[in-house]
Amino acid sequence: MATWPRNFLFAALVGGVLASAAPAAAQAAPPSGCQTCHGDQAQPALAAPARDFAGTDVHRDRGFTCVDCHGGNPNETDKAKAKAPATGFKGKPAGQMVIAVCSRCHSDAALMRKYAPKQRVDQAVEYATSVHGQQLAKGDTKVATCVSCHGAHGVRLVGDAQSPVYVLNVATTCTKCHADADRMKGYMLPDGSPLPTDQRAKYEKSVHHAAMVKGNDLSAPTCNDCHGNHGAAPPGVGAIANVCGTCHTVFATKFALSTHSQIFDRSCVECHGNHDIAEPTDAMLGTDKAALCTNCHTEGDNGSKAATAMRSEIEKLKEAISHSQALVASAENAGMEMGEQSLALREAANQLTLARTEMHAFDPKPVSAVLQAGLGITAKVDSEGQAALAEVSYRRTGLAVSLGAILLVVVALALKIRSLRA
Amino acid sequence: MTEQLFAWLDERLDLSGLRAFVAEKTVPVHRHSVWYYMGGITLFLVGVQVATGILLLLYYRPSASEAYESVQFIVSQVEFGWLIRNLHSWSANLLILMAFVHLFSTFFLRAYRKPRELTWITGVLLLFIMMGFGFSGYLLPWNELAFFATKVGTGIAGALPFVGDFMVRFLRGGDDVTGATLTRFYGIHVAILPAMTTALLGTHLLLIQRQGMSVPPSVEKREKAGETIPQEPFFPNYVLHDVMWWYVALAVLAALALFLPWELGKKADAFAAVPAGIRPEWYFLAMFQTLKLIPSHVLGFEGEMLGVMGFNVAAVLLFLVPFLDRKNPDGRQNPFITFAGVVAVVYLIVFTIYGYLAA
Numbered sequence: 076m077a078t079w080p081r082n083f084l085f086a087a088l089v090g091g092v093l094a095s096a097a098p099a100a101a102q103a104a105p106p107s108g109c110q111t112c113h114g115d116q117a118q119p120a121l122a123a124p125a126r127d128f129a130g131t132d133v134h135r136d137r138g139f140t141c142v143d144c145h146g147g148n149p150n151e152t153d154k155a156k157a158k159a160p161a162t163g164f165k166g167k168p169a170g171q172m173v174i175a176v177c178s179r180c181h182s183d184a185a186l187m188r189k190y191a192p193k194q195r196v197d198q199a200v201e202y203a204t205s206v207h208g209q210q211l212a213k214g215d216t217k218v219a220t221c222v223s224c225h226g227a228h229g230v231r232l233v234g235d236a237q238s239p240v241y242v243l244n245v246a247t248t249c250t251k252c253h254a255d256a257d258r259m260k261g262y263m264l265p266d267g268s269p270l271p272t273d274q275r276a277k278y279e280k281s282v283h284h285a286a287m288v289k290g291n292d293l294s295a296p297t298c299n300d301c302h303g304n305h306g307a308a309p310p311g312v313g314a315i316a317n318v319c320g321t322c323h324t325v326f327a328t329k330f331a332l333s334t335h336s337q338i339f340d341r342s343c344v345e346c347h348g349n350h351d352i353a354e355p356t357d358a359m360l361g362t363d364k365a366a367l368c369t370n371c372h373t374e375g376d377n378g379s380k381a382a383t384a385m386r387s388e389i390e391k392l393k394e395a396i397s398h399s400q401a402l403v404a405s406a407e408n409a410g411m412e413m414g415e416q417s418l419a420l421r422e423a424a425n426q427l428t429l430a431r432t433e434m435h436a437f438d439p440k441p442v443s444a445v446l447q448a449g450l451g452i453t454a455k456v457d458s459e460g461q462a463a464l465a466e467v468s469y470r471r472t473g474l475a476v477s478l479g480a481i482l483l484v485v486v487a488l489a490l491k492i493r494s495l496r497a
Numbered sequence: 075m076t077e078q079l080f081a082w083l084d085e086r087l088d089l090s091g092l093r094a095f096v097a098e099k100t101v102p103v104h105r106h107s108v109w110y111y112m113g114g115i116t117l118f119l120v121g122v123q124v125a126t127g128i129l130l131l132l133y134y135r136p137s138a139s140e141a142y143e144s145v146q147f148i149v150s151q152v153e154f155g156w157l158i159r160n161l162h163s164w165s166a167n168l169l170i171l172m173a174f175v176h177l178f179s180t181f182f183l184r185a186y187r188k189p190r191e192l193t194w195i196t197g198v199l200l201l202f203i204m205m206g207f208g209f210s211g212y213l214l215p216w217n218e219l220a221f222f223a224t225k226v227g228t229g230i231a232g233a234l235p236f237v238g239d240f241m242v243r244f245l246r247g248g249d250d251v252t253g254a255t256l257t258r259f260y261g262i263h264v265a266i267l268p269a270m271t272t273a274l275l276g277t278h279l280l281l282i283q284r285q286g287m288s289v290p291p292s293v294e295k296r297e298k299a300g301e302t303i304p305q306e307p308f309f310p311n312y313v314l315h316d317v318m319w320w321y322v323a324l325a326v327l328a329a330l331a332l333f334l335p336w337e338l339g340k341k342a343d344a345f346a347a348v349p350a351g352i353r354p355e356w357y358f359l360a361m362f363q364t365l366k367l368i369p370s371h372v373l374g375f376e377g378e379m380l381g382v383m384g385f386n387v388a389a390v391l392l393f394l395v396p397f398l399d400r401k402n403p404d405g406r407q408n409p410f411i412t413f414a415g416v417v418a419v420v421y422l423i424v425f426t427i428y429g430y431l432a433a
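Note that the protein sequences, when read in sequence, are chains A and B.
Per the working numbering, the very first residue in the first sequence carries number 76; after that it's consecutive.
Per the working numbering, the very first residue in the second sequence carries number 75; after that it's consecutive.
The shape of chain A in the complex, shown without the other chains:
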């Protein structure tokens, strides 16, 4: 799983820092005049910045103040004087101004090294390549900027579970806009169709979401793992296999060898979908009703034959493993030690997994070779399982004979004792 794109998010965790004003600051500053006045405001929109900045905020924790992003004179008690042009007061940055304000520090490698030396400093450059950045450059002010995802006041580290860009919160943050049909109205996909707003609903049905939320696998992909974060854009046609291949490396390698890689416009997505990727099953392969191959192939063509052959061999190994497992369980229940055979069956299951991977090259020959190796293992386990059951039978017969002999001796001894007493 690609975790590095998420690290890029980390690079933008500081929402608004002015390079010249703040680098010397290193300790949390006391409340300024800005906070005092804003804190007393009745209007929530005016009071919120002071309240949020006074709470957990990564910038405040490192000694940055309101002035570092907004300018102004915090020591001045008169509002007009505090916000006089001579103080450099900028007000509330919006649009390109947000990018400029944030990147003053976040694009300054020398400055960032003092606070977060591992952070990248190319977020602004990346952003300019994103759909968001390109739209903003065209004058579209509805698009996301730094603060849309990270927040402006109360900015938290990316690794903070309460951060809007924490891995578990990314889908919620992105779909705050992308699931809003009104907001997305007018935006189009490259093919001219309207930009859908059902990505989150679909994602929540996907195997990736299940892995993250139910399986607690924080490395499972969320929006930014496929689309990027600061450079967010849909993977272009031809890049999909590469994107999926960042995690599913072997599948991507096999797929690249296949004829399909030359034909499929949307590579992996053709069969697996994108946001709603379901748990893949063997039923996807073959020529029966549930199989996806029939979407393109017709009965009797080469693809259909290959799909049928691969599916039937996979089913054969599955049945063989299932049969062997039952046999081993039966022998184990009878008290036989079947540790080696259980281990061998795990290897057979590995061969099945390998065959399912190999299948992505859509060439029946290597798939068959792997499956035959698996069938060889199950045949050996079956033979040993049968031998174990025969051994159980032999032992029981042996016990019956021994018990019979023992009983005879006991009876003989009892009779002898009786005769002696008589």
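If you are wondering where the hints come from, they were derived from the structure by calculation, not from laboratory data.
Computed from a prediction, not measured in an experiment: that's the story for all the values here.
Errors might be hidden in some of the hints.
Said to hold, decoys possible - Derived DSS-like pairs (lysine-lysine); straight-line CA-CA distance at most 27 angstroms: (1) B:Lys340 with A:Lys455; (2) B:Lys99 with B:Lys298; (3) A:Lys391 with A:Lys329; (4) A:Lys455 with B:Lys341; (5) A:Lys217 with A:Lys167; (6) B:Lys99 with A:Lys491; (7) A:Lys167 with A:Lys156; (8) A:Lys289 with A:Lys277; (9) A:Lys165 with A:Lys213.
Given the coordinates of chain A, work out where chain B should sit on it, guided by the hints.
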């Protein structure tokens, strides 16, 4: 030829005297005679343990990296290895069960009365040694349950006042249960305890032969009243009877070994999570359950320490039974001793069952 050989040996070992002793030796016959055979069955099971133990030694490897695999090899690859290992495991449990039965039958029949105090003391010591065999042998397959049960079991020794920490380190061969504990337990199991058993069992049997069978107070009373208690020759009657019971024990053992094979389980992994249902072998379960029920602190003392000290006191009292039961030297029933015995039996049965159900 046989006679010549006997004459040759007799000249050197005075076998005639022994033969005369055996020929003249008799055993009393009464309605409690059946309890005499419990000791014989226990002795037979000791023999089974020695024989099967020696065979297991041929393949067992006492190290943390090889112990589990060697037992796996014994039960799956060695010809009749499964039988030997199952017999050893089942026989160990039956042995301790029969040792308890033998102890309590001796107790309730007051067989420890003068002059048999030493027979009683060696018997009690042998029971404790058998439990030591069980405790040390349980760890040897180096499986998960045994590993964690040993961790708990040896940890309990830490509750002893003053010597607790030393005892834990002494038993474990370090601060924790490791491969060092395994080799230590192996040494105890195959060398130290067998040597002690040989000496004590020899003394125990010698005392029995020397002093003859005790008769219960009720029978003794009849004897003193002038009634003649029937006797039967030790050889062949009693010996044949004993052998008959041995065969019955062998049949039970064989059936258990085949139909309820002793599970090997998973290999011990010190880093694995403690599996659910960790508990000691059944003969420690009553004590284990008692310790679990005692509050953490009682009257300012640590509850576990009080429990362990209580068991030690009980063990000392058990040794001293022949000397404590002196109120009725004429053999009349001492109601307190009988009551204490009944309480002990009920306690052991109830708490063992409770321990099983609680786990």
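Evaluated hints:
1. As the CA atoms of lysine 340 of chain B and lysine 455 of chain A are separated by approximately 24 angstroms, the hinted pair is consistent with the 27 angstroms bound.
2. Taking the CA atoms of lysine 99 of chain B and lysine 298 of chain B, the gap is near 21 angstroms; set against the 27 angstroms cutoff, the hint holds.
3. Simply put, lysine 391 of chain A and lysine 329 of chain A have alpha-carbon atoms about 22 angstroms apart, close enough for the 27 angstroms limit, and the pair holds.
4. Using a Cα cut-off of 27 angstroms, the hinted pair lysine 455 of chain A and lysine 341 of chain B holds, with the two alpha carbons roughly 25 angstroms apart.
5. Restraint check: the Cα-Cα separation between lysine 217 of chain A and lysine 167 of chain A comes to about 16 angstroms, which is no more than 27 angstroms; the hinted pair holds.
6. With a C-alpha separation of about 19 angstroms, the suggested pair lysine 99 of chain B and lysine 491 of chain A falls inside the 27 angstroms cut-off, and the hint holds.
7. At most 27 angstroms may separate the alpha-carbon atoms for a hinted pair to count; lysine 167 of chain A and lysine 156 of chain A meet this at roughly 17 angstroms.
8. Restraint check: the Cα-Cα separation between lysine 289 of chain A and lysine 277 of chain A comes to about 16 angstroms, which is no more than 27 angstroms; the hinted pair holds.
9. At roughly 23 angstroms between alpha-carbon atoms, lysine 165 of chain A and lysine 213 of chain A fall within 27 angstroms of each other, so this suggested pair holds.
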